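Visitor: Based on the provided sequences and hints, a complete structural model is requested.
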Amino acid sequence: MTSPDPGAPAVMRPLAKLLKPSFLHGFLLDGLTAAGAGFSAAVFDAEDTPIAWAGVDVSKATPHDEIARHLAESPGQATRELLFGGTQVGRLLVSGPGRAEQAQGLCRFLALSLNQLLDQHQLRRSLGEEALEQYREMALINRSVLHLNRSMRVSEVADALLSECESGLGPGFRGLMYFRDEKSDGFTCYGSQGPVDQGGYKFLPGCPLFIEVMAQGRGEIINDLAHDERWNKEVQGIESVLIKPIVVSGEVLGALVLAGIDHGSSFSTAHLKRMDTLATVAGIAMANAMHFEQTGKILLALIKAMSTAIDSRDTTTSGHSQRVAQLAFGLAQAVNNDTKIFPDKEFSAIQLQELYYAGLLHDVGKIGVREEVLTKSTRLPKGRLDLIGLKLAFWGTANNVSWQDELSRFKKINESYMLTDEDKAVIDRFHSMTLSASGRSLPVLSEEERAGLITDRGNLTEEEWIEIFRHPIESCRILQHIPLSGSFPDFMTIIRQHHERLDGSGYPEGMKGDDILFQSQILAIVDMYDALRQKRHYKAPKTQGEALAIIDEDAGAGRLDMGLVSLFRRDIKSIETAPVPEDVSLANLEMF
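Be aware that the sequence shown starts at -15, since it is given in the numbering used here, and climbs by one per residue.
Note that these hints are calculated values from the structure, not bench results. Here the structure is a predicted model, which is why all the values come from computation and not from measurement. Positions of the beta carbon are idealized from the N, C-alpha and C atoms, including for glycine. No false leads were slipped in.
With a Cα cut of at most 20 Å, we get these calculated SDA-like pairs of lysine to any residue: (1) K557 / Q518; (2) K496 / A541; (3) K1 / Q104; (4) K186 / V236; (5) K186 / L237; (6) K526 / L403; (7) K519 / T292; (8) K396 / S386; (9) K496 / G542; (10) K281 / A293.
Label-pair distances were calculated between CB atoms; the ranges are: (11) A377 / G547: 51 to 61 Å; (12) E446 / K519: 22 to 32 Å; (13) S302 / Q278: 25 to 35 Å; (14) S558 / S416: 54 to 64 Å; (15) S302 / N383: 41 to 51 Å; (16) R109 / T17: 28 to 38 Å.
Guide: Shown next, in the form of structure tokens:
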């Protein structure tokens, strides 16, 4: 007996991959030995080419058709199908010297054994495919959890979801994302893996098919879309569709739609299972993002309410924080757009947000400043100035001199923002004069009255200025309880330094030069500009030109950054008229 080399076939047939020719040769030999002499057997693949045989007395070089002819000429014959997963992959042929019944019995036994082996292969393959599918499922979950939960912005979660859909689809398919519209309770198309034909895909949520699937809350595949009675060709060019609602805690947040746009395109249960997994993970991520964005909106509203509350303590400063925030935002954008003064300086979107919020809350520490200090309009209160008037009248009568002009002079000094040397001389002269009555001596101006009048700038005393100087530190103390530092690392620094000056003349720490953050220098300029432009209790508002001139003077003296001031002056029109950045969002913040 001879048999070909087990590795001889030039082309490996499917059956030969399942049951190796060497194994089949040994199997047939054992079966024929037990059956007795005179029997022959061969295994053919699906194309009826023999891949193993035994009992055939031919040489290795014998062509395959000669082996088949030799077996066919045997007196008794029997044949049986070899099946794998219900599909015929080959056949077994047995021939013998006697009656056909003997060959049939041997063939039936051998085929039963081979089919059992093929069934075992099928079972192992099924188990392997199931394990592989479970692995793919876990890999998809792990990847999508990381991908979809990377951001707390709803739009970015949706983009990540569409990206995941695209990775599992061919060119003949399109993935689309729909969001529920809270106002209309309908659905709007957010985007797709490719350009969205808004003229067509926007009508999909209006079709009965989409409405029914969303109402049921379960995914559905329709491969024969043209014959579905719920489809009225609302969107042209779609051959098949998979619709998967995104549901969280019983609430439908949106829908993921896969559309087959090529003729013959269809979806399988594997597609639906993949979309089920993605929709589950995406739903949780979207719910978290929506909750976070809502929390961000609340926090932003509280921030604006806080800044408004601070400004409202003094009617003359109403809107100051909002204006400073807008001006700081505008100046920072001007820095980004500039190619001459700051060609290498650029703020990120997060840094622009940070500066904007710092502008809104830079004066929140003034909540700890006494209202009579904040709203102080004169150096001395009216009652104290009236007392000075009485003392001047007594002084004039006693010395037979006119005193009304002196009182007018003191009233002017009391309302002045800046004192002249002559004003200071008048104050010192009357501070040194005394009145005598009933054996007692009384100064025309007491030490307390002199201290209240002699202030170099503004109407605050040294003690009152100390109270004002403390407000940047107080702002940081109050804001440390607001969870913004995770995404805004410089937020507190900007607020604490917004009254510092480059030459060290600022407060609260007297910092100099590069020790002062660049964003703090921006805030310092716009804060000073808005204060100059608005009416205060102690001064009239400056014109734009006057305010810029004062800022230029401070820059020339080394107190403010000359480049920033030059840019501010150059782009003042666009900076002042820039729209308030209402679209600034807290959605990207790591607040907790």
